[in-house]
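Trainee: The lines below spell out each chain.
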Amino acid sequence: MQPRELPLATLRGVCQVEFQNNVWTALLFLLALLLGGWQFAVFALIGAFVTTVTAWVLGVARDRITIGLEGFNGTLIGVAVALFFEVGWVALMLVIAASVLGAVVTAALTVLLAPYNVPALTAPFCVVTSLVMIGGPAFARVWDARLPPAPVSARPTAALTFTDVWQGLLNGIGQVFFQDKWYAGLVFLIGLLVASRVAAIAAVAGSAIGIIVAVILGAPATDIGAGLYGYNPVLTAIALAGVFVALTPHGVLYAVLGAIATVVVTAGVAALFRPVGGPALTWPFVLVTWTFLAAVPMFAKIRRPS
Amino acid sequence: MQPRELPLATLRGVCQVEFQNNVWTALLFLLALLLGGWQFAVFALIGAFVTTVTAWVLGVARDRITIGLEGFNGTLIGVAVALFFEVGWVALMLVIAASVLGAVVTAALTVLLAPYNVPALTAPFCVVTSLVMIGGPAFARVWDARLPPAPVSARPTAALTFTDVWQGLLNGIGQVFFQDKWYAGLVFLIGLLVASRVAAIAAVAGSAIGIIVAVILGAPATDIGAGLYGYNPVLTAIALAGVFVALTPHGVLYAVLGAIATVVVTAGVAALFRPVGGPALTWPFVLVTWTFLAAVPMFAKIRRPS
Amino acid sequence: MQPRELPLATLRGVCQVEFQNNVWTALLFLLALLLGGWQFAVFALIGAFVTTVTAWVLGVARDRITIGLEGFNGTLIGVAVALFFEVGWVALMLVIAASVLGAVVTAALTVLLAPYNVPALTAPFCVVTSLVMIGGPAFARVWDARLPPAPVSARPTAALTFTDVWQGLLNGIGQVFFQDKWYAGLVFLIGLLVASRVAAIAAVAGSAIGIIVAVILGAPATDIGAGLYGYNPVLTAIALAGVFVALTPHGVLYAVLGAIATVVVTAGVAALFRPVGGPALTWPFVLVTWTFLAAVPMFAKIRRPS
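Residue numbers (the UniProt record's numbering), protein chains in the order written: chain A, 1 to 306; chain B, 1 to 306; chain C, 1 to 306.
Honestly, the hints are just simulated from the structure, not real lab data.
Worth double-checking, as some hints may not be accurate.
Partial list, computed: chain B residues near chain C (C-beta under 7 Å) [to be verified]:
1. 137
2. 140
3. 212
4. 215
5. 217
6. 246
7. 249
8. 264
9. 271
10. 277
11. 279
12. 295
13. 299
14. 300
Glycine included, each C-beta is placed from N, C-alpha and C at the ideal position.
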């Protein structure tokens with residue numbers, strides 16, 4: 001593999017977060033990140049670049065690198081660092097170090113899960129970012145560079161408004177990249193649509209399932225409006241609807257089931273992390289999708305895409 | 001597989017909780033649940049039925065379903081929901097949703113553990129029920145339907161009485177199904193005896209080991225009398241004495257060792273769950289039995305039953 | 001295998017903690033433990049003996065036992081019990097019971113990790129000791145025999161002194177065996193040097209990386225001086241530099257990367273254990289080394305030693 005292939009591999013890493021391999025999608029995703037703040041786009045690219053280069057230096061197979069499979073965890077690491085830390089040298093060092101480690105974790109999980117034909121998904125991002133957020137307080141230089149936590153909504157809504165619902169629908173898509181502006185979510189959705197109609201429909205359906213299940217179970221309206229119950233089912237729905245499971249009637253049912261399960265797991269993961277102070281990230285998506293993909297060989301009616 | 005085979009498969013799911021495949025045992029187990037309250041028996045059957053049907057719809061192999069292997073985790077999910085939530089629509093929805101998810105977790109764990117010839121045991125029940133109890137507080141509609149926690153014994157015993165011991169011995173057997181009345185434990189024991197003398201002896205021995213080890217290590221007498229240190233070693237003892245390990249002298253020693261280890265792990269699991277507020281369930285049995293079964297290939301003196 | 005081979009196998013178990021198979025190294029390690037207190041050396045031998053005998057009774061292959069691979073987790077279990085509990089009958093029973101269980105956990109992890117060609121490392125020690133320290137408070141007889149926690153340094157240093165640095169360098173090596181006297185660390189280093197120059201250099205480098213990274217990230221100076229950020233990278237560095245990864249330029253880079261990652265994981269593991277009150281032990285080394293070894297097949301530039 002030639003070094004000049006690295007920039008394109010990095011760019012593809014941005015859209016592989018949602019299992020796409022399309023440069024236009026990547027550019028639209030970057031535009032959506034820019035709407036949230038320049039630092040998100042820049043750190044996403046740095047993260048994707050560093051994981052991709054690390055994989056290349058250590059000798060990962062070319063076909064994995066060029067389609068962006070070594071970059072997407074770095075993308076999310078970069079966005080997370082830009083969200084939780086103030087822009088500066090510490091944040092820059094942090095995203096580089098975390099991305100290098102992320103490349104090794106990607107390789108380890110890929111090997112460990114290979115016998116079961118299950119991919120690493122965004123678990124390397126989750127592992128490394130959880131590590132930074134849970135272990136971080138021990139290191140004064142790291143923790144001093146942290147941004148103050150986002151202010152809690154001043155509106156302690158008892159009832160869900162129509163605005164909560166339609167903004168929540170788009171925010172659920174944007175929150176995959178930690179973005180909470182509805183128009184950013186819209187640009188992400190357009191980006192998905194450019195690459196795959198099925199993925200775009202799955203994303204909307206996943207976000208809707210997140211809202212519906214959260215409402216039925218009685219989750220707080222502000223969390224729903226912010227898309228916090230949506231982004232994990234969005235990823236589960238895209239992953240199970242056609243990407244890793246064949247798009248048959250049983251397969252669609254299976255994806256819906258997975259998206260519903262993800263909403264409940266979101267609350268469980270958040271509760272597990274509360275005593276140690278880490279965010280839930282995309283752990284719920286990872287755990288549910290791993291479970292549903294590992295289960296496939298037992299189910300005659302569910303199969304992998306041919 | 002024909003739909004008319006589902007009722008019998010469901011019934012067998014009730015006795016497979018303790019690795020038995022005997023309709024009379026299942027009926028005696030249901031009688032024991034009725035002694036605790038009608039809702040335990042009804043929810044156990046609903047849970048077993050839903051996991052069995054889910055497995056059937058998704059195409060699990062017929063030979064697994066008919067002997068009840070797809071039902072026993074649903075049985076325990078049903079009993080747990082009847083214990084922790086008040087009877088009503090929320091509890092009914094909860095047991096159905098949790099059991100559907102339980103069927104998928106059963107398949108996933110079966111595939112993941114297959115290379116090691118280790119069964120899923122009651123882990124799917126533990127995963128799903130822990131999820132409900134840890135994630136539940138996030139959902140007002142779910143958590144409002146929760147029953148108040150059982151009152152703590154008014155008798156803060158310093159010393160263990162003879163009543164604590166003999167009731168604890170039977171309660172240890174009943175607590176496998178969350179039952180804390182000694183006569184319910186007795187009916188469970190008779191049910192076991194109908195299917196397998198070895199299993200019944202192992203159950204009594206497991207419960208006795210739970211009491212003895214807990215007394216030696218200085219656990220609170222009320223916990224011992226309630227059977228809380230007994231039900232996990234009961235399951236470990238049955239599993240390791242003849243079911244998954246050959247009943248040789250070394251094998252019996254191995255089962256005793258496993259039962260002892262389970263008592264200590266019970267305290268460890270309870271402590272791990274305390275910060276997030278979930279019950280220990282049968283996690284100690286699952287973790288110890290997985291460990292002891294995975295280890296078998298290393299030990300020339302221990303072998304699987306032929 | 002003959003019973004008369006057990007004493008030498010036990011002795012080799014002491015030096016296998018740091019991947020060495022050399023009787024002189026084992027004797028020097030015992031001397032270093034004696035410098036900390038006779039109970040450390042005695043309990044280390046009891047632990048190593050009990051795990052070795054358990055493995056022998058259960059029929060583990062002779063070639064694993066004679067080179068000490070079944071003893072080193074018992075060695076560390078013994079030292080940990082001598083550190084956390086007062087010398088007496090309870091501590092003696094505890095080290096025996098924990099070591100028997102440790103032998104089974106060793107076998108289980110060896111089987112589970114075999115498909116990936118990853119060794120159990122000190123994970124059995126971590127599992128069993130974490131269990132005792134987390135579950136222990138439930139058992140009055142066990143917990144009453146606990147020693148009071150080590151007094152926190154009276155000197156709340158703001159700045160790192162030269163003494164902190166050079167003592168921290170040696171303490172990082174001694175803390176692998178929970179020893180915090182610099183001259184004990186020196187004897188351990190000499191012991192390593194007797195067996196392998198590469199291992200000794202890796203140990204010093206690992207300890208130095210622990211100090212450097214901890215200083216850069218802003219960890220408390222007293223923790224650094226006590227070697228608390230050093231002992232895990234020491235083990236990672238030895239394991240990755242020549243023992244389980246070939247000593248090529250890329251391999252050395254990989255070992256440095258692993259040692260750096262271990263420092264950060266040390267803080268993460270400590271934070272995870274804080275709510276339940278267990279010490280970090282060598283979990284950071286285990287988790288990072290497992291990850292880095294599992295990843296090897298993906299990296300063409302990194303290979304196993306021939």
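Trainee: The structure should be examined with respect to each hint, and the outcome stated for every one.
Mentor: Results for each hint:
The criterion of a C-beta within 7 Å of any C-beta in chain C is not met by residue 137/B, whose closest approach is roughly 17 Å, and the hint is violated. For residue 140/B, the shortest C-beta to C-beta distance to chain C is roughly 25 Å, which exceeds 7 Å, and the interface hint is violated. Using the Cβ-Cβ criterion of 7 Å, the hint placing residue 212/B at the interface with chain C is not satisfied: the shortest such distance is roughly 13 Å. For the restraint placing residue 215/B at the interface with chain C, the shortest Cβ-Cβ distance is roughly 9 Å, beyond the 7 Å limit, so the hint is violated.
With a least beta-carbon distance of about 4 Å to chain C, the hint placing residue 217/B at the interface is held under the 7 Å criterion. Checking residue 246/B against chain C: minimum C-beta separation of about 13 Å lies over 7 Å; hint violated. Evaluation of the residue 249/B hint against chain C yields a violated restraint, the C-beta minimum of about 12 Å exceeding 7 Å. At about 6 Å, the closest approach between the beta carbon of residue 264/B and any beta carbon in chain C falls short of 7 Å, and the interface hint on this residue holds.
Because the beta carbon of residue 271/B sits about 5 Å from the nearest beta carbon in chain C, less than 7 Å, this interface hint is met. Of the supplied interface hints, the one on residue 277/B is violated, with its beta-carbon coming no nearer than about 12 Å to a beta-carbon of chain C, more than 7 Å. Given hint, residue 279/B at the interface with chain C, is violated; its Cβ is 15 Å from that chain's nearest Cβ, farther than 7 Å. Residue-level restraint check for residue 295/B holds (minimum Cβ-Cβ distance to chain C is 4 Å; threshold 7 Å).
Evaluation of the residue 299/B hint against chain C yields a held restraint, the C-beta minimum of about 4 Å falling below 7 Å. Interface restraint check for residue 300/B: the shortest CB-CB distance to chain C comes to about 3 Å, inside 7 Å, so the restraint holds.
Of the numbered hints listed earlier, those contradicted by the structure are 1, 2, 3, 4, 6, 7, 10, 11.
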